[in-house]
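There are 2 protein chains.
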Amino acid sequence: MSNHRPIGIFDSGLGGLTVAKEIYRLLPNESTIYIGDTARVPYGNRSREAVTQFTQELIDALLTLDVKAVVIACGTASSVALPNLQDAYKQIPIIGVIEPAAENAVSVTTSNHIGVIGTQATIASNSFGNFIKKSNPHIEIHNQSCPLFVPIVEEGIINDHPILLEAIKHYLNKLQQTQIDTLILGCTHYPIISHAIADYLPGVNLINAGVSVAQELNHLLINNHIENTSAKSPRHRYFVTDINQNFEEVAQTFLGKQISIEKIAI
Amino acid sequence: MSNHRPIGIFDSGLGGLTVAKEIYRLLPNESTIYIGDTARVPYGNRSREAVTQFTQELIDALLTLDVKAVVIACGTASSVALPNLQDAYKQIPIIGVIEPAAENAVSVTTSNHIGVIGTQATIASNSFGNFIKKSNPHIEIHNQSCPLFVPIVEEGIINDHPILLEAIKHYLNKLQQTQIDTLILGCTHYPIISHAIADYLPGVNLINAGVSVAQELNHLLINNHIENTSAKSPRHRYFVTDINQNFEEVAQTFLGKQISIEKIAI
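The listed protein sequences correspond, in order, to chains A and B.
Every position in the first sequence, counted from 1, becomes a number in this note's numbering once 394 is added.
Every position in the second sequence, counted from 1, becomes a number in this note's numbering once 394 is added.
With the rest of the complex left out, here is chain A (with noise of 0.2 Å):
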């Protein structure tokens, strides 16, 4: 049995098209729609409860586009609303970024040392350390907000700039101090400097969400029974929540092509 439907991917802002291109090559037969919430970007340094109330209107919104699956391609959504909300969605499978990255994270490392690093929100939470802990309780745990890579990869500036080059400094040098042998990426924009952040830490393995949410997804897909077997090419929607002059230099450097994106009200 085929089923055609979409799949729901939404973000606070475009950084979620890291998972997106992910999405797109593990599972290229699958249509998906992708909302970003581009007038409330971003999320990293707001409460939890507007984080939740944003959470669940996009939800609400992509139900209402009827996706068979909703993936949460946000760092903090995933860490500060995603565990109230499960309950209150039943109907429909939804995944994040915790889960995934995590569970892969506890595969690679040896040195049972994981270092984690995401936005304010996404740290004070401490989601992908709780889950690692509860997986195995032998793993240290190295958390480290980064607020300002947000920004600096949402400018373009993402190159070995002595900006940059300077912020992974600023940032990750308690890191390089501890023995880490794995990093997770905790939030969607940071694949996009993955390779300054290796050449800074050299020999840990980064693990790139996305990466790890499109294997998730494939294997809820074949178990729920809703992958897409027709050979008809997919098609691959994207809404904002606002439309500012920038946004499309910003989606092609997350997503590595050219897209035309609609307006959405939320």
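One should not assume that every hint holds.
Given that identical chains are not distinguished, each listed pair holds provided it fits within a single copy or across any two copies.
[Claimed, not checked] Below are the SDA-like pairs computed for lysine to any residue, each with C-alpha atoms no more than 25 Å apart in a straight line:
| hint | residue 1 | residue 2 |
| --- | --- | --- |
| 1 | K527 | N537 |
| 2 | K568 | E643 |
| 3 | K568 | N640 |
| 4 | K563 | T647 |
| 5 | K657 | N478 |
Source of the hints: derived by calculation from the structure; they are not laboratory data.
Using the hints provided, position chain B relative to the given structure of chain A.
Here is chain B on its own, set in the frame of chain A:
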């Protein structure tokens, strides 16, 4: 005749507290109500439509609180929204940061080259430049948007940290090669880093829009006979649309003192 009603001040976030500080200094009798739209900060990279809608909602909220005048302590809202809204709110004086700061810059320059720095939206609107050209068409304007300055200041990176110095070099090196003798700090966050900007552009007059706005507000209160001449201590109240964990630190950065902040629904 005296008027005890407060002055309403708003900004997208807490940066407008630099303007509030100058108002307290020049008008120590006046009570104020400050609203920071922290649920939707930053405005600088949002569309004109979004910024106009947010600005209307904030003015309406201040009117409900019975203010006698409104100060738009936000470069972006002043640039993008105020010109369209002044007619709609004839019942109350509204002043933004553009005209006072532009007038101040015109009166100070002798080289007739004025630099303007601000958010993406402020610079794209060229609102400072348009006002200056109306006043003196012989003045040449040098615009530069500096999107990373706001998140850097909000991270508390305000001293001579390499991230700040690299960002200043990145954005201001073109201005260094012009004949500007005056630079408008077109965003309320920027006075916090004016010492580092001054070091990079020695001999250039920096125009703090907060100081210009306080002077303009003083004239406006006197001309409208609505100044508070009572000797009673003024009251200053602070509202935000979202309360996050580190706003008190950020407020202290801007205002130089601790304050208590309440949440308001917009």
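Each hint tested on the structure:
For a Cα distance limit of 25 Å, the shortest separation of K527 from N537 inside one copy, 13 Å, qualifies, whereas the shortest one across copies, 51 Å, does not. Proximity of K568 and E643 under a CA criterion of 25 Å is satisfied inter-copy only: 23 Å between copies versus 33 Å inside one chain copy. When the C-alpha separation of K568 and N640 is checked against a cutoff of 25 Å, the pair qualifies only between copies, where the shortest distance is 21 Å, while the shortest distance within a copy is 34 Å. In this assembly of identical chains, the alpha carbons of K563 and T647 lie at most 25 Å apart whether taken from the same copy (23 Å) or from different copies (24 Å).
Only between protomers do K657 and N478 lie at most 25 Å apart by alpha-carbon distance; the minimum there is 22 Å, versus 28 Å within a single protomer.
Checked against the numbered hints above, the structure breaks none of them.
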